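Start from chain W and add chains V and U according to the hints.
Listed below are the residues making up each chain.
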Amino acid sequence: MSAEIKILLNELKTLNADLYGKDFLLTWEKSDAELRAVLAIAELLKGIHAKNIPLDMFKTGLAVSNFRDNSTRTRFSFASACNLLGLAVQDLDEGKSQIAHGETVRETANMISFLTEAIGIRDDMFIGKGHTYMKEVAEALDDGFKQGVLNQRPAVVNLQCDLDHPTQSMSDLLFIKNHFGGFDMLKGKKIAMTWAYSPSYGKPLSVPQGVICLMTRFGMNVELAYPEGYDLLPETIEVAKKNAQDSGGSFNVSNSMKSAFKNADIVYPKSWAPYKVMERRTALLEDGDHPGLKELEKECLAQNARHTDWECDEAKMKLSKDGRGLYLHCLPADITDVSCKQGEVSAKVFEKYRIGTYKEAGYKPFVIAAMIAACTKKHPAKVIETLYTSGLKRVL
Amino acid sequence: MSAEIKILLNELKTLNADLYGKDFLLTWEKSDAELRAVLAIAELLKGIHAKNIPLDMFKTGLAVSNFRDNSTRTRFSFASACNLLGLAVQDLDEGKSQIAHGETVRETANMISFLTEAIGIRDDMFIGKGHTYMKEVAEALDDGFKQGVLNQRPAVVNLQCDLDHPTQSMSDLLFIKNHFGGFDMLKGKKIAMTWAYSPSYGKPLSVPQGVICLMTRFGMNVELAYPEGYDLLPETIEVAKKNAQDSGGSFNVSNSMKSAFKNADIVYPKSWAPYKVMERRTALLEDGDHPGLKELEKECLAQNARHTDWECDEAKMKLSKDGRGLYLHCLPADITDVSCKQGEVSAKVFEKYRIGTYKEAGYKPFVIAAMIAACTKKHPAKVIETLYTSGLKRVL
Amino acid sequence: MSAEIKILLNELKTLNADLYGKDFLLTWEKSDAELRAVLAIAELLKGIHAKNIPLDMFKTGLAVSNFRDNSTRTRFSFASACNLLGLAVQDLDEGKSQIAHGETVRETANMISFLTEAIGIRDDMFIGKGHTYMKEVAEALDDGFKQGVLNQRPAVVNLQCDLDHPTQSMSDLLFIKNHFGGFDMLKGKKIAMTWAYSPSYGKPLSVPQGVICLMTRFGMNVELAYPEGYDLLPETIEVAKKNAQDSGGSFNVSNSMKSAFKNADIVYPKSWAPYKVMERRTALLEDGDHPGLKELEKECLAQNARHTDWECDEAKMKLSKDGRGLYLHCLPADITDVSCKQGEVSAKVFEKYRIGTYKEAGYKPFVIAAMIAACTKKHPAKVIETLYTSGLKRVL
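In order, the protein sequences belong to chains W, V and U.
For the first sequence, numbering that gives the first Met the number 0 begins at 0 and goes up steadily by one.
For the second sequence, numbering that gives the first Met the number 0 begins at 0 and goes up steadily by one.
For the third sequence, numbering that gives the first Met the number 0 begins at 0 and goes up steadily by one.
It is worth saying that the hints were derived from the structure and are not from the lab.
Please note that the accuracy of each hint is not assured.
All copies of an identical chain are treated as equivalent in the list; a pair is satisfied when it fits inside any one copy or across any two copies.
As the list claims (entries may be wrong) - In silico lysine-lysine, BS3-like type, Cα no more than 25 angstroms apart, as pairs:
(1) Lys358 with Lys145
(2) Lys145 with Lys347
(3) Lys134 with Lys275
(4) Lys58 with Lys376
(5) Lys134 with Lys351
(6) Lys21 with Lys358
(7) Lys50 with Lys392
(8) Lys50 with Lys376
(9) Lys377 with Lys340
(10) Lys257 with Lys320
(11) Lys134 with Lys58
(12) Lys381 with Lys50
(13) Lys392 with Lys145
(14) Lys320 with Lys134
(15) Lys351 with Lys145
(16) Lys21 with Lys50
(17) Lys50 with Lys145
(18) Lys275 with Lys240
(19) Lys381 with Lys392
(20) Lys392 with Lys376
(21) Lys21 with Lys392
(22) Lys128 with Lys21
(23) Lys261 with Lys241
As the structure is a prediction and not an experimental result, all values here were calculated from the model.
Next up, chain W with everything else stripped away, as it sits in the complex:
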């Protein structure tokens, strides 16, 4: 057994976290031990996969994906994660289904779960909706399992909702943890989660919300910065404040990208829509008010256009710690002169950190797999150890 794997297995056992039978919806609902357990499992899976050892802890079983918004990387991350564990993905494509015919969430949740072990949901378009929908699904599964409809209780994994994007923020966290050499090294580090200009509109708020709520738990100094009017959901601001207090870190909000970048060890410049706009958009989408949506888009793009200086360029990067701060992005970034005329980040800065952002994204399949493993196994460490010592090869 390699030393690294051994250490992670011991850490996992020592944490004694119990997520069995639960879901992974919001990081702030989880204890530190639970988060650490998921992160340890993710690193175990990544390390064992690299050693060409199979991790198919399910011999058969379905994983249902439900994407209520477009997705490439999350779709592939989920598919990769499920395949790694031995599950087959079946997409719940609501366009092709009878859901439009007035079926209740409660019923559908059970109908798709008779042989299902995990359900991944992305629902990030409507303020006040995504997380609520996931909880509704989870409650329906609880009921179905308790009543004997289902042989097993599938784990629900949040692949992005209106509040949080835990598979993203946990991947970000693993990347910076390994970059700086351990969770302890994150203490006192400054991370600037800032808005950035983009010529598109309607980008979800869950990435910045997820980042400020997670990073504040690890003793980091989190500075959130955005132009006036681009507030996040108040409840996530409250979570970030409380977490910072508890962990001995700090949480500050400003309206200056430069002040946020100043001495930052890490910068995360990324566009999002103003909360108020997302609320109006939710109402318009629900009413199917297409002219209203067009009007809102125009208005919002005009508002964005007042802040084209919120670009992560070389000058701003110089403000960061020793001029060598680490750049993060959830991808795809709006890169000036590459993917758009003017965007979130200059081509030069992005190119410098490009491979880093790819590696950051590379944790996601393993984070998703870890969430599923943690929520479906009573003793994930034991299961992983059994597979690791099986002597089998994943690829002949």
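Okay, now just chains V and U, sitting in the frame of chain W:
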């Protein structure tokens, strides 16, 4: 070996049914022993799955799904069934394929089958088409296999056609068999298969047709009731009559929901379109006559609206045997005040039986898997016994 | 071990070809030994599959399919191939993804590959684009693998581009090799790759290009024939000329279907669009010029219509070697009076060779699987031998 599993395995061996190399298209083409064998296999698979033992009797192989109508539950049931047996589902999405380019059924059937073990087809929109199409596919596969084009003959499973919906009716049957304590207990029981009001139109006839043709084989007293004009296909009526005669049950048709419910042990109130309307619809769809279809829909909804009293409410349920008859539905039901203003069943009645209908649906993945297993294995009992006694775990 | 399998395994070992870590994009980039190795692996996989032995050399892993044009048979062939080897297919549906949002090929290639072992791409609509795109993907994967973003380098397989259609031509080759009794028997055989009339337009050029470039390597006398204006890409003509010279075969171009058929051992009559039209179409598609495309289609169909006599009928087949030449087609064929009023081939000729064309197509899943196996295994012969002698059954 658990007693229950042992009994089922013995029953399966004793039945000595041989479906190997055949398809499962219509229940009335199958002998009693063949039906019983499929039902026994379904219960074996369900029981063994609950014991966490893998049932992957295929190590690799494709299962093709071909849904010519929208579907959630049948799509997931098919995917679950195939995954349970070890097959990977590949959807034949005719929109994305070259089928539109003038390809023959004969050719496509072979092209998708080089490594395919099962093909599930749903084609229920056109009177006179669905079953015919399935037979065409089956004949093409026979030819391809005989001529050496295919290494194996995939089994075709009817996931709903214009005549029958065997995976549904067999699931219904297993549910009531277990509810009442055995097939023998079904003898002499009254089941009311009745039309019910729905604000939608064009619902297929295959559910009621499948139910009257299957339940009459088990000595049940089947009463079919619908408002004038909502006849089923004459050939299925003939099958039901003959079956009732052979099994010592009875088959009656009336135009009164109340008379059907009277003393019924089981009620199955469910909307369908009148046969004549479906015939006209078939012609209009073939002609692509959209104004004609709109007109027909209006006419049909108006016809439906004359029968809003065909609702399964508490008053009608009181007419059933001891006021405690069992309510069945293939789901999704049109529930008054839940999924529509006025529908097939009152919210109170549905809620009382809701979990039951979920369990009823829960048999479907195993029924589909059983059909595939029965049609692709020379000795299904032996295969299942081998897997059951393997000592392996499905989920670590 | 069966004699046939033993011979193929020995041949494969003796060839000593090394495709490990490479892609399969164009046959003319591969050495004779490399082509022979892929063909030997394809026959090994086909033979072992027929013996009901599992070939899942991957226990888990994704295979990504990216179809930028409609497809049935190639989609199913790819899915079958991947499933045979143990890989799960995940479709990169660009409509559902964020690719439209200005993402670079470089990034997407990495994002979909964290746990991916093979990527199959079909991109045949735009002259000068498909092969270029595949190379771009391959370079991005090289970079990602080198930089530690990816644990493994997925193999890219060309499922049809603007230049070549190697999975088709290699299947054609295996079919005729077995028909005539070995590669040696192909020497000196005449194959007529001819244009044929079709009432559709815009058919890709990759099939004829692939065929003339591959068959000229095996000492065959290849005659390409088409009406004036239906030229192929000049670079592929150059490849065919050079190959013929090197192999001791010949390559001729004419404008007469009859002269091409004369004494031909094999005929391959198949429609394609004129190169110049495809070039104009590429420009119009890129500009989104729909009226221009309509106009071009009209013009092109009118041009086609001047050559309805380019049909493979019984009279022309009589010209072939002893009147018994072998008919090939990549399918679906435009069959006169079957799939269209007038097409590439008469119903009588097609019916005579129909089963043959199905068998021709039946090699494709195994050719694709062989390409993946060859490009992902250091010692494919050893892996196949291990699986072959495992004593396991693919289907219980």
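Going down the list of hints, with the structure as the test:
For the homomeric pair Lys358 and Lys145, the shortest alpha-carbon distance between copies (12 angstroms) is at most 25 angstroms, but the shortest distance inside one copy (41 angstroms) is not. Proximity of Lys145 and Lys347 under a CA criterion of 25 angstroms is satisfied inter-copy only: 21 angstroms between copies versus 56 angstroms inside one chain copy. In this homomeric assembly, Lys134 and Lys275 come within 25 angstroms of each other (Cα to Cα) only inside a single copy, at 24 angstroms, whereas the closest approach across copies is 45 angstroms. In this homomeric assembly, Lys58 and Lys376 come within 25 angstroms of each other (Cα to Cα) both inside a single copy, at 14 angstroms, and across copies, at 21 angstroms.
In this homomeric assembly, Lys134 and Lys351 come within 25 angstroms of each other (Cα to Cα) only across copies, at 23 angstroms, whereas the closest approach inside a single copy is 41 angstroms. Taking the shortest alpha-carbon separations for Lys21 and Lys358, only the inter-copy value of 23 angstroms comes in at or below 25 angstroms, while the best intra-copy value is 29 angstroms. Proximity of Lys50 and Lys392 under a CA criterion of 25 angstroms is satisfied in both settings, with 9 angstroms inside one chain copy and 24 angstroms between copies. In this assembly of identical chains, Lys50 and Lys376 lie within 25 angstroms of each other by CA distance both inside one copy and across copies; the values are 22 angstroms within and 16 angstroms between.
In this assembly of identical chains, Lys377 and Lys340 lie within 25 angstroms of each other by CA distance neither inside one copy nor across copies; the values are 51 angstroms within and 45 angstroms between. For the homomeric pair Lys257 and Lys320, the shortest alpha-carbon distance inside one copy (12 angstroms) is at most 25 angstroms, but the shortest distance between copies (77 angstroms) is not. For a Cα distance limit of 25 angstroms, the shortest separation of Lys134 from Lys58 qualifies neither inside one copy, at 28 angstroms, nor across copies, at 34 angstroms. In the homo-oligomer, the alpha carbons of Lys381 and Lys50 lie at most 25 angstroms apart both inside one protomer (18 angstroms) and across protomers (20 angstroms), since each shortest distance falls under that limit.
For the identical chains of this complex, Lys392 and Lys145 are inter-copy neighbours only, at 23 angstroms across copies versus 38 angstroms inside a copy, given an alpha-carbon limit of 25 angstroms. For a Cα distance limit of 25 angstroms, the shortest separation of Lys320 from Lys134 qualifies neither inside one copy, at 41 angstroms, nor across copies, at 39 angstroms. Only between protomers do Lys351 and Lys145 lie at most 25 angstroms apart by alpha-carbon distance; the minimum there is 16 angstroms, versus 53 angstroms within a single protomer. Within a single copy, Lys21 and Lys50 get their C-alpha atoms only as close as 30 angstroms, which misses the 25 angstroms cut-off; across copies the closest is 21 angstroms, which meets it.
Taking CA atoms no more than 25 angstroms apart as the test, Lys50 paired with Lys145 passes between copies only; the shortest distance there is 17 angstroms, against 39 angstroms inside one copy. With identical chains, the CA atoms of Lys275 and Lys240 are at most 25 angstroms apart within one copy only, with a shortest distance of 21 angstroms there and 65 angstroms across copies. Taking the shortest Cα distances, Lys381 and Lys392 sit within 25 angstroms of each other both inside one copy (19 angstroms) and across copies (14 angstroms). In this assembly of identical chains, the alpha carbons of Lys392 and Lys376 lie at most 25 angstroms apart whether taken from the same copy (22 angstroms) or from different copies (13 angstroms).
Taking the shortest Cα distances, Lys21 and Lys392 sit within 25 angstroms of each other only across copies (22 angstroms), while inside one copy they are farther apart (31 angstroms). Taking the shortest Cα distances, Lys128 and Lys21 sit within 25 angstroms of each other inside one copy (21 angstroms), while across copies they are farther apart (47 angstroms). For the identical chains of this complex, Lys261 and Lys241 are intra-copy neighbours only, at 24 angstroms inside a copy versus 64 angstroms across copies, given an alpha-carbon limit of 25 angstroms.
Going down the numbered hints, you'll see the structure goes against 9, 11, 14, while the others check out.
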